[in-house]
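Go by the hints and put chain B onto chain A.
One line per chain: the protein sequences are A and B, in this order. In terms of our numbering, the first sequence opens at residue 32 and continues consecutively. In terms of our numbering, the second sequence opens at residue -9 and continues consecutively.
All the given hints hold, so there is nothing to weed out.
One side of the interface only, derived from the structure: several residues of chain A facing chain B at Cβ under 7 Å: (1) Gly60; (2) Leu150; (3) Thr151.
Quick look at which bits of chain A chain B covers, simulated, 3 or more residues with Cβ under 8 Å: (4) 166 to 177; (5) 338 to 348; (6) 370 to 379.
Bear in mind the hints are in silico, worked out from the structure with no lab data behind them. We put the beta carbon where it would ideally sit given N, CA and C, even for glycine.
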Amino acid sequence: MPQRAQRSALSRLWGQPRVRATVWQVGTGLAVLAALLWFQGNLAANLARRSLDLGFDFLWGPASFELGDNPVGYAAGDSFLLAFAAGLGNTLQVAAIGIALTACTGVAVALLRLSHNPLTAGAAKLYVEIARNTPLLLQLMFWHQLIVRVLPGPRLAWNPVPGVFLSNRGLIVPVLGWQPAFGWALAALALGIVLAVMARRRIAWLLPVLLPLGALASAQPMAFDVPVLRGFNFAGGTTLSPEMVALVWALVFYQGSFAAETIRGGILGVPKGLTEAAASLGLSRAKATRLVVMPLALRIAIPPLTSQFMSLTKNSSLAVAIGYPDLVRVSNVAISETGRAVECIVITLAVYLVLSLATALAMNGWNARLLQRGT
Amino acid sequence: MNASPRPPPALRIAPLQRVRTLFFASVPNGVATLFMLWLLWQIVPAAWRYFVTDALTAPADIKQCVQAGGFCWSFVQDRWRQILFGTFPYTEHWRAGLACVVFLSLIVVTLLALGAPTGRRRLRLVGLAWAAGLALIAALMYGGVFGLVPVQSRLWAGLPLTLMLAAVGTGLGFVLGVALALARREGPPLIRWLAVAYIEFLRGVPLISLLFVASILLPLLLPPGVDVDKLVRTLLAFALFFAAYMAEALRGGLAAVPQGQKDAAAALGLGWWRMQWLVVMPQALRVVVPSLVNIFIAAFKDTSLVVVISMMDLLGTANIARSDAAWWGLYIEPYVFIGAIYLCGCTAMAAYSRHIERRMAKGAA
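Next comes chain A alone, as it looks inside the complex (with noise of 0.2 Å):
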């Protein structure tokens, strides 16, 4: 064909594949690059204009403020390495905690939606709704001024249980003095758990628990630290802060909504087959839940509630907004004391980045481990 004859030989060489894929290549990579390089003489050139120079070394230099309760136990005056990892440590406190609950929480909702009273399914639907459908923020800051307004002072405070109480200083809860005799009832524990698995037999699970409470007998009367309500204060057990009590609570109300569905969903998942054929052995509706379908219901959730939980963990910086001082606050805090933003940030993106990526690949090793067993 003529047409075909008088192409150059520029926009034959632009009929490769192989060619055009190298040109978009070249030219995106060179891009990136120009537009790294215009935002880092920018940054150099912002940062000369405020006389400020990056580096990481001022981490090691003393930070002023106050942090309270936290795990790594920091204090105002160590290093703003210590309060970093402070933020971090108080961030995984809260992600932990959360998670936990979560996980209790979406089980129990999802098997109350799935009920067959109406009564139950309906509150089940009502809070899922609820809490899914209006902002965690909104939440979180509804529950923060709840506790701080509605709850009495340490002198009124409530009292559901002996020993803990909840006052607008927080939640206040006794702790166990630790004793040699715990570690042997754990390692009862342990010891019993393996006999009844190796014995297969169900009366051997009274085994890890009749061993414990055996070792515990041995223990000395237990030393509970109980709080008690001194002046205006409470002295002894353990203060969990107004702070820490509503971030928890909103992000176990806001995302046990998700995993809750999400855990539905993995029960509906299951193929109808199986309850029959666990009905048609003769167990019971409770039994063939827990032991035919929650297995394989998790095995099918369990992929979407990990970006949940995880999910949980990046929401957990909201906290931000309420000044509990997780990582983000602490980095916030930072930058207002020592103006290294481009430092400050880029630690809690990278802290983040870290935690999500390593969460990824362990999911991503265990669904591999799944499919390899092929069930």
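Just chain B now, kept in the frame of chain A:
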């Protein structure tokens, strides 16, 4: 004698029987029923007292409200305009209200168009509607044309700001998301690698820290002297953030398009771009409409995070109204008021998303 046949006895027992199987089938079930009844007994009268009996509907001040002990409707009557429109000039509130109406109609039109088994022409109409609508909204909000008083963008607040961040943020995010999804699935290695890095990075960090990047870091990354409006920077952060989630949703849709479709398009002589635009994308989009709606719901809720960088969206204006001296001490009313707005919007959209999903499931079966 009565000749008419008596109704079978089973029918008379049936309701009771049903009650028994539903509410008292087993001991735990019975306990649950009794517990729920007790809970209702506790909650319903209390809620009735709080919202109706003890609530003051007539104009009242904070003292009277606190004394009555119920929901303070007069606070809502007094402050609803402040909560909805915030710092927008009081006499110009109708403009902000009109902008909200335009936004809501655009969102409804888009959702309906996405839900219908679409033709490309209808999508083009939706695009035109957005262009016209956004121009109208910009005119209403900025002013300065048709004799409207100019209003600076830092005075925009409340519902218009919330809707703008959600709609424009996800709209831009969608465009970028399509590009990212295609790059991740079809691109040559370097481009694919860049797309993966971008998506995983954005999905790995919390939105809050990204908002801090937009409000603190971004001004440092722009040439000295260049001052980009904070609203634009925040919109950009939302778009960049939700683009990653949209891309992941779209990737699922792209994977669902059978290879045969692409082969057929290639056999017809379509180039890569036209193949994607005419054959692949329409099919992929249809599959992911429910996920896209869910991302939009998440974005609508997550716009509230801008209060952390001191922008006054709906939650921000509610906080302002709460800390007002005239109504000092109220905290349930403002949150319940805006909570109801969010709840209505999100529940409606979620119900619509489930409706589309069900219809798709039926179509597939």
